[in-house]
Amino acid sequence: MTLKIAILSFAHGHALSYVAALQQMPGIDLLAADPDGASAPDAAPRGAALADELGIAYVDSYDEVFAWGPDAVIVTAENSRHRDLVIRAAEAGAHVLCEKPLATTVEDAMAMRAACDAAGVILMVAYPVRFAPEFRDALAQVRSGALGRVIGVTGINNGKLPADRAWFTDPALAGGGALVDHVVHCADLLDELLGERASSVRAVSNGILYADRDLPVETGGMVTVRYPSGVIATIDCSWSWPVSSPTWGGLTLQIVAERATLTVSPFAKGIAGHDAAGETWAPTGPDLDGLLLAEFVSALREGRSPQPDAGVGVRTVEIVRAAQASAADGGSVVTIG
1 MTLKIAILSF AHGHALSYVA ALQQMPGIDL LAADPDGASA PDAAPRGAAL ADELGIAYVD
61 SYDEVFAWGP DAVIVTAENS RHRDLVIRAA EAGAHVLCEK PLATTVEDAM AMRAACDAAG
121 VILMVAYPVR FAPEFRDALA QVRSGALGRV IGVTGINNGK LPADRAWFTD PALAGGGALV
181 DHVVHCADLL DELLGERASS VRAVSNGILY ADRDLPVETG GMVTVRYPSG VIATIDCSWS
241 WPVSSPTWGG LTLQIVAERA TLTVSPFAKG IAGHDAAGET WAPTGPDLDG LLLAEFVSAL
301 REGRSPQPDA GVGVRTVEIV RAAQASAADG GSVVTIG
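Letter by letter, the sequence shown follows residues 1 to 337 of my numbering.
Keep in mind that the hints were calculated from the coordinates and are not lab data.
Owing to the predicted nature of the structure, the values given are computational and were not obtained by experimental measurement.
Pairwise CB distance ranges, derived in the manner of DEER restraints:
| hint | residue 1 | residue 2 | range |
| --- | --- | --- | --- |
| 1 | THR2 | ALA146 | 36 to 46 Å |
| 2 | THR247 | ALA43 | 16 to 26 Å |
| 3 | ALA272 | ALA92 | 38 to 48 Å |
| 4 | PRO41 | ARG259 | 46 to 56 Å |
| 5 | ALA92 | ALA268 | 34 to 44 Å |
| 6 | ARG259 | PRO45 | 48 to 58 Å |
| 7 | ASP212 | THR247 | 17 to 27 Å |
| 8 | ALA272 | ASP84 | 35 to 45 Å |
| 9 | ALA328 | GLU279 | 36 to 46 Å |
| 10 | MET25 | ILE151 | 39 to 49 Å |
| 11 | ARG259 | GLY27 | 42 to 52 Å |
Here a beta-carbon is modelled for each residue, glycine too, at the ideal position from N, C-alpha and C.
Full structure from sequences and hints, please.
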């Protein structure tokens, strides 16, 4: 059976890798719409020109997408536009894969989950790092009990300033800066690893990085998350990698348990080199976006609910919003729930 899948916006750069992954799968009919591309505040490729470059069909409006009758949509619009697109897809009976974070407010995330539940459609959140074999192995070791109780976790998610997509530093479109962009991936891994909802959050943030650009959002931060079991996790999040770096950045999770310490670093392996333009880096690990899309498409074909679902989408937004509130209040402890 051919699945009709629509890409809603090229705002997020991950749309390109999602398209590439879907093009490798049999029985997929793709269509894209990017009506906000023409007014984007940067020169990144968008709209019909990008669709043509990617080799997929394109229409000018979301109305045309839904008239096409997609079986599923992938929402890769700016963060604050997720809610309207997800709810519209649910009303059209289309399953949804939504880029992270699910929303910019907890209320929006819950409304999106409720709309999809009421319509009986899937709402999956794009957290590809949980598909990394290194993380799956660490998860299996923790769940086996062989390592004993988890005591603490240190997460690091640092990368480049996404300067080619200016909306990432627009608080109205992104919902914040580095706290939004880089906390959620670690928060998702913690959610899966610990199996419990965070109880409190404390955070500090600053705009020291790129201070000369006078950005209206934070460019770095440190977040401490406490869980009911007593586990304390920290997340170091920033846009601290130089723009000249040959790769976007990296994520590391260090799990401290009673009998061992495990380090998960899915993006550390690669081949370094140089060419005429300077340093190069070719990752050698699996395509995590491809694994994410494979799970989404398999769930569609099998009629099951995939992970990560809307529940973790809501819980990770809770952590981000609590971190923002804490940082705004000088690092006070913010309770969740």
